[in-house]
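Taking the hints into account, I'd like the entire structure generated from these sequences.
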Amino acid sequence: MPYSDKVLDHYNNPRNVGSLDKGDENVGTGIVGAPECGDVMKLQIKVNPETQVIEDAKFKTFGCGSAIASSSLATEWVKGKTLQEALEIKNTSIVEELALPPVKIHCSVLAEDAIKAAIADLKKKQGDEEGAEAIKAMSGSH
Amino acid sequence: MAIKLPIYMDYHATTPMDPRVLETMLPYFTETFGNAASRSHPFGWEAEKAVDHARAQIAGLMNADPREIIFTSGATESDNLALKGVAEMYREKGNHIITSVVEHKAVLDSAKRLERWGFDVTYLPVDDTGMVRPEAVAEAITDKTILCSVMFANNEIGTVNPLKEIGAICRERGVLFHSDAVQGFGKIPFDVQEMNVDLASVTAHKLYGPKGCGALYVRRRNPRVRLAAQMDGGGHERGMRSGTLNVPGIVGFGRACEIAAAEMEEEGRRLTAYRERMREQIVGALEETYLNGHPTQRLPGNLNLSYAYVEGESLLMGLKEIALSSGSACTSASLEPSYVLKALGVGDDLAHSSIRYGLGRFTTDEEVEYAIKSTIDTVTRLREMSPLYELAKEGVDLKTVQWAVD
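One line per chain: the protein sequences are A and B, in this order. Sequential numbering from 1 applies to the first sequence in the working numbering. Sequential numbering from 1 applies to the second sequence in the working numbering.
Mixed in with the good hints there might be a few duds.
[Said to hold, decoys possible] Only pairs whose alpha carbons sit at most 27 Å apart, straight line, appear in this in silico DSSO-like list of lysine-lysine:
no., chain 1, residue 1, chain 2, residue 2
1, A, K136, B, K399
2, A, K22, B, K399
3, B, K399, A, K58
[Said to hold, decoys possible] What follows is a set of in silico ranges between Cβ atoms, one per label pair, in the way DEER data are often shown:
no., chain 1, residue 1, chain 2, residue 2, range
4, A, N12, B, T364, 25 to 31 Å
5, A, P49, B, Q402, 27 to 33 Å
6, B, E369, A, N12, 20 to 26 Å
7, A, N12, B, K49, 53 to 59 Å
8, A, A137, B, T272, 55 to 61 Å
If you're looking for bench data, these hints aren't it; they were derived computationally from the structure. Glycine residues also receive a C-beta, built at the ideal position from the N, C-alpha and C atoms.
Structure, rendered in structure tokens:
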């Protein structure tokens, strides 16, 4: 299986591996995928309560090299973005950046879903049930 | 001595040719190039003599008569010829065939085609070690059964089937018994008389011979097996397989069998010791690591392990200096995890996490040590970034988690 240099780089030097405190009110956690499908991603974001800008992001992924790379890249991209900006990250940009082959597109979709799931979780924590539901409806559109 | 990378540990897929085999083959490309079917001149006679010698070497390794060896292009063709050839020839007698769910695709897909042609096929399940139970064969036989096909040793998990017991049942019930013996032939003793095997598929490249050369053993007496040829032409190989013989390949196949006969026992001991060292050290160092297949009734050079909480393809990426294979969906064209592991009752999650180590004649001590260390390091690293491992460490039972499946 040929991997792009960028996938290999993220696999060998994953950015932002780890966990944030799930209980922190400024942390949103998204877990997507299922073990029997061979992919599970956990992506967490931490926002600045004043500005609502994502200050930190962490991930842990069970999955192939492309899944690890997609989630690693996603954590890089969300950092410094507002929640609204992060919601606009599309899986197609991940595909392009990592040069994923067609059979690996689902990895990028999962990463996009993980971002949305983390933001939805945060919105829910902040009492914005409606916003959380609206974001959930956006994901899983494939 | 510095270790040479990458390391080959995929001996079930194919093997490098033994230099002694190549040396024996070389003159048959140039000097002794005749067509073994040319009866009118010495070029043909020389080629025929070489083929007959190889036939005897191959037959010798399975306790058969040289006249019972039919040369083919490889085991896929042998499997096709055995199943379709028997089905066509014996269809007046019955239309029922028995096989197992863990067979190679060459058997399974031939069986599926026979179903489309009106045959009934019973696919026997296996136990959790991957073994076909002889009693299951006995229970499946009906008065319409003409053929039972059960592999000798499995290519993924290395489990060796009780052919002697299955063969005895088939013989007693008057059912022909075919075995895809590709993985075990030349690695562990295979005896068509003792095992009552009537047809057997073998191929040269799995035992340090050349690619593109296989054979089908077809019993000549007690019972005499008849086959409907699937390849029409010049009537070579007693009419069962037309086509000019691949003389250099056949010569190499014969030599490979001769070497295997002489060295199998010692090689088997050495590879079993390597395999057990790997298993003990890896399982000792990594919790929740599971052996797939049978603990003892397995090919000497086969080790198949599942590592909970890590995915096979990412593991292969980390072990990129070692040529291995995985039961993970991501490594297959179908995106389905291994059907063999599923048949054993290994959950999809652990099937995704499996790695097959295939050891062989040229595997060294240093390579085994390198593989052990790399595996432990990579699994440890991937578990540290696995959300499943984290949840399990927190005491969450993963089976109770409601996964957001897309």
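Hints, verified against the model:
Restraint check: the Cα-Cα separation between A/K136 and B/K399 comes to about 24 Å, which is no more than 27 Å; the hinted pair holds. Note on A/K22 and B/K399: the hinted pairing holds, with a Cα-Cα distance of about 21 Å set against a maximum of 27 Å. Our distance criterion of 27 Å between C-alpha atoms is met by B/K399 and A/K58, whose separation comes to about 24 Å. Evaluation of the 25 to 31 Å hint for A/N12 and B/T364 yields a pass: the beta carbon distance comes to about 27 Å.
At about 30 Å, the beta-carbon gap between A/P49 and B/Q402 stays in the expected band of 27 to 33 Å. Look at B/E369 against A/N12: about 23 Å separates their beta carbons, and that is inside 20 to 26 Å. Checked against the hint of 53 to 59 Å, the pair A/N12 and B/K49 passes, with Cβ atoms roughly 57 Å apart. Range check, A/A137 to B/T272: Cβ separation about 57 Å, and the 55 to 61 Å hint holds.
Violation of the numbered hints given earlier is absent; every hint is satisfied by the structure.
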